[in-house]
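Chains as they are written, first to last, in full-length UniProt numbering: chain S, 1 to 590; chain F, 1 to 590.
Errors might be hidden in some of the hints.
[Claimed, not checked] Using 25 angstroms as the maximum straight-line C-alpha spacing, the simulated DMTMM-like pairs for lysine to aspartate or glutamate come out as follows: (1) S/K335 - S/D270; (2) F/K195 - S/D200; (3) F/K525 - S/D200; (4) F/K141 - S/D224; (5) S/K509 - F/E289.
[What the hints assert, rightly or not] For each label pair, taking beta carbons as the anchor points, the in silico distance ranges come out as: (6) F/Q161 - S/K450: 15 to 25 angstroms; (7) F/N183 - S/D270: 52 to 62 angstroms; (8) S/P528 - F/N119: 44 to 54 angstroms; (9) F/S184 - S/P528: 19 to 29 angstroms; (10) F/E552 - S/A333: 54 to 64 angstroms; (11) S/E477 - F/A225: 39 to 49 angstroms; (12) S/S184 - F/E150: 19 to 29 angstroms; (13) F/R585 - S/Q159: 57 to 67 angstroms.
[Stated by the list, open to error] Take a look, some chain F residues computed to stay more than 10 angstroms from chain S by CB distance: (14) E323; (15) G571; (16) A588.
Bear in mind the hints are in silico, worked out from the structure with no lab data behind them.
For glycine and all other residues, C-beta sits at the position ideal for the given N, C-alpha and C.
There are 2 protein chains.
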Amino acid sequence: MLFSGFARRITSRTKTPTLRYQPHLHPAYSTRAEYKNKMSTGFEAERARITELAEAIKQLKTDGKPCDVELKEMLDLKKKVGQSTGKKDSGKGKIQLKTPKGTLDHGPSATLLRKQIFNTLENIFLKHGASTIDTPVFELKDILAGKYGEDSKLIYDLQDQGGELCSLRYDLTVPFARYLAMNSQPSMKRYHIGKVYRRDQPVMSKGRMREFYQCDFDIAGAYDAMVPDAEVLYIACEALTALDIGEFTIKLNHRKILDGIFELAGVPADKTRAISSAVDKLDKAPWTEVRKEMTVDKGLDGVIADEIGEYVGLKGKGWEVLEKLKSDDKLTAVKSAKEGLADMELLFGYLDVMGVLDKMSFDMSLARGLDYYTGIIYEAIHQSSAPPGFKTQPAVPAEASSSAPAPSKPKKAGEEDEVDESTVGVGSIAAGGRYDELVGMFSEAAGGKKGAGKVPCVGISVGVERVYSILLQKRKEREEREARGKETEVYIVSMGGNGLLKERMALAKDLWDGGIKAEFMYKNKPKPNAQLDACDRDQTPFTVILGPSEVETGTAKVRRQLGKEGGTTEGETVQRSELVEFLKRKLAEL
Amino acid sequence: MLFSGFARRITSRTKTPTLRYQPHLHPAYSTRAEYKNKMSTGFEAERARITELAEAIKQLKTDGKPCDVELKEMLDLKKKVGQSTGKKDSGKGKIQLKTPKGTLDHGPSATLLRKQIFNTLENIFLKHGASTIDTPVFELKDILAGKYGEDSKLIYDLQDQGGELCSLRYDLTVPFARYLAMNSQPSMKRYHIGKVYRRDQPVMSKGRMREFYQCDFDIAGAYDAMVPDAEVLYIACEALTALDIGEFTIKLNHRKILDGIFELAGVPADKTRAISSAVDKLDKAPWTEVRKEMTVDKGLDGVIADEIGEYVGLKGKGWEVLEKLKSDDKLTAVKSAKEGLADMELLFGYLDVMGVLDKMSFDMSLARGLDYYTGIIYEAIHQSSAPPGFKTQPAVPAEASSSAPAPSKPKKAGEEDEVDESTVGVGSIAAGGRYDELVGMFSEAAGGKKGAGKVPCVGISVGVERVYSILLQKRKEREEREARGKETEVYIVSMGGNGLLKERMALAKDLWDGGIKAEFMYKNKPKPNAQLDACDRDQTPFTVILGPSEVETGTAKVRRQLGKEGGTTEGETVQRSELVEFLKRKLAEL
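Extracted from the complex, chain S is given alone in its bound form (with noise of 0.2 angstroms):
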């Protein structure tokens, strides 16, 4: 629909302003009756009269005749009796004008900002020959009920308004899951950007919202051993390096190796989640605070607490540290471990024919998501946002070395085992791993057979909001000029005669019809300086000039226009004819 129902607003409010029932603020009133039966009382007197005046304003109107007297008495009327029910309904008598909290308008430059990263995303996927879904921006609760841990509180659900209880989705991965489960897909290739929503505690500062894109690109379905694992790390690259934000480091491990080191360490099955979410704070705590937290908080034996700590800070190149690894006795006896590593290795040697392996720290201190990812993880981290003492350039220590990184302030809770696209200031600016079991889980749930329905994935998804500030950031720094957010290339502006109105909209049209970009003012007789301004303050490239003089000799002058401060060329003149032509040759020059 498109704008129905204006003047019934007047009249809804007009016959019950004041009776919008919010069970919320009215605890007293049980039912929706009881409420208006209260609340109708008073203000009869002045609800008669805004009725009143109601029709007598369409009456007014009907005839054509002004209404303003009885319009404005309307209003304040209508204020008086909004504002003290107002008070008692939410504190204010008038509506508040503004997006709810968490969520902002993206105005015309941000939005083709966001669109210019899309694009280059997109392509980049679509290059890999990624097929993109859409999938509804709300899931049934049940899809996503204890996917998300403790994070379920974030999630926002839909009124209860009879039929099916409904929440809007948190992520992507979920809904993807859902989706090749409920077609019994057994591979797919698939990007998806799209927003999402967590009733986290917003930071508009550092650009954590509740609304916010994400930008997930996945590869579903059984293949050999970290093939297309190896192409997401490659994509993450590419991504990461079209998208020109500066310096960038992929940190790398396998939930196995980690699942290892625990089990040769002896942490018992029941505090692997606690400690290895521990472990997971070494990029942002130093070891002594992660192990006090290890054995003072969790319980953990010394000991085995400094087991791990032998393990968990080693990192530096791909092949170094897995050499260290494989050359270690010990560790090559756990079967998970082994495996792990042997991964590993065949990861290394794709990455290299994809020239990729430079970009890669192979961390031992990486754990992020360890109950949910199967096989290997990463997070890429941005210079901007490693922490001090890590090295972004080169990608990592010259030689592989078990030293803690510095200390800097601790992950905010529900950070635990996320990139949460909303966080900028987080070392993260994409992240993902390997995940064989959460498609299966969703057939399975829905009564298929045990395994029938497995689909392993692997992914990443991108920091859009976070890359977003980085390129807004840089490009205030360049103190480029904003994005115009429109793309107009030619004004056309009358000088004298009768405003040539008529004249003005052929001209146009003629434009439009060649594919030029173009606009005119909406006025009879527009002033001249008037139009040359809408020009500059759009930073349109060229006006076209029209007077009594080029009316009269079929001609057009054209003009580049050099902004405010430059001012414009001489301007050539130009048959109207050829006036398609010659603008389009001009544009092609820019």
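Following the hints, position chain F against chain S.
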């Protein structure tokens, strides 16, 4: 976040599989605690065993040992527990793998076709100097309140989880007006393509969905009469022509003229809305039926109805209908009618200059959104949905006639004064009009000075879903192969050798770096036919074939794929060093 919390999901399910509290389903238990308490009884043994198994499985995994048996037992137990409680919960033991009622997943080819529609429209809007904005998918409840009259019941509300009350947007117009008022923006040419939400009764077969796209273009600002209005109508013609959906006609009318007619006929002010909504049915029902609704259902004096009937059957070419009305002294004696006719005269003059007047039909029976619009209103009708006897080519009957259109099924409820983008089969494929007061009302409701925040607007909304189904239909009729949904240009195939995985990877990297869309099979030793089938399935135009001899001689064989039936061309052997350029040339020739 990418994919955290999966194992946590098991855990949480394990610990409390039966305790999801669903108040709407358990009126009996007024508190979560009470419910928990009740529900916890029974299945203790099973739940205990499930916890045991979960631990065991974790340990087995840590040890890298198989745990299928344990996993199966656990899943079976969870189904058992889940099931019996599930019955209590929602009548189902398994989760449903589906999207919420009235929503759809758009697969790759559907998404591609929609993107083509959006690009076509976007390019046209940009050509006219429009910029785009991106507003949140939900707004404060108060912003939407009272804007949609009785249709407000179709608004999705977010659950009150503490904090503000929000609703999913119902259209893109109210958010736009809110945006203008909030930013005190006096003028803007904007387009917005986005999803909107209506808890309507979905009719999948007709494409009436609860989540669907809208594509709006609006010009806001105080300008000279009918100038932006003319451009919006020009854009409507440009857009519908560019979309290549076939013949269409744009029905035009003016609110003030209708007001004048009602006044002239003597319709009581309080009946205006009811009567105009009856008039609006004339494109679906014969006059006799509409007259009956006016007189019998709505108690209008038969004489008045007949007087209205004399006018509202009138439609035809702009100038002809206009002359007819202008020569009607009774009508022109009514101020508002006179004003409306003056507007139409101006408009037709402008549309004439822009060369689109012949697409218009001045139709006195068009009354949509009467109480909302303040000026011209219009509705674009596609040939496929015009009621029988309604000619679309030529745009209008040879001469102005007052013949009422042939009967046809009456509109569904809630469609009185809107084009519902989610509805297929109803005439409109685009609709809009002038609405000069919505923005001002926001400013005033927010406490601004009367009239201070007034921003006149005129706009149009294209029925994207309607256009989509028309194009899909055309595609089917042309028996076109479904759109690929992916754009892969080259598939790298290995023949013989040892699978040549790394050679294929290296080749892929070269092609990607060269900007060529390329894929290869993620297998060490893929079968030649498996690779060629994938290539045919995706309609990939070229294969690059690598065999031991090619690798040895530093060459590759390029083949044009002609699909399953067509087979392939002979194939040319190309030097690896020249491959990228060679393929680029070949692709350019496609």
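Results of checking the hints against the structure:
no., hint, in the structure
1, S/K335 - S/D270, "holds, 20 angstroms"
2, F/K195 - S/D200, "holds, 23 angstroms"
3, F/K525 - S/D200, "violated, 47 angstroms"
4, F/K141 - S/D224, "violated, 51 angstroms"
5, S/K509 - F/E289, "violated, 43 angstroms"
6, F/Q161 - S/K450: 15 to 25 angstroms, "violated, 36 angstroms"
7, F/N183 - S/D270: 52 to 62 angstroms, "holds, 55 angstroms"
8, S/P528 - F/N119: 44 to 54 angstroms, "violated, 36 angstroms"
9, F/S184 - S/P528: 19 to 29 angstroms, "holds, 27 angstroms"
10, F/E552 - S/A333: 54 to 64 angstroms, "violated, 42 angstroms"
11, S/E477 - F/A225: 39 to 49 angstroms, "holds, 47 angstroms"
12, S/S184 - F/E150: 19 to 29 angstroms, "violated, 42 angstroms"
13, F/R585 - S/Q159: 57 to 67 angstroms, "holds, 59 angstroms"
14, E323, "holds, 21 angstroms"
15, G571, "holds, 21 angstroms"
16, A588, "holds, 16 angstroms"
The structure fails to meet hints 3, 4, 5, 6, 8, 10 and 12 from the earlier list, while all remaining hints are met.
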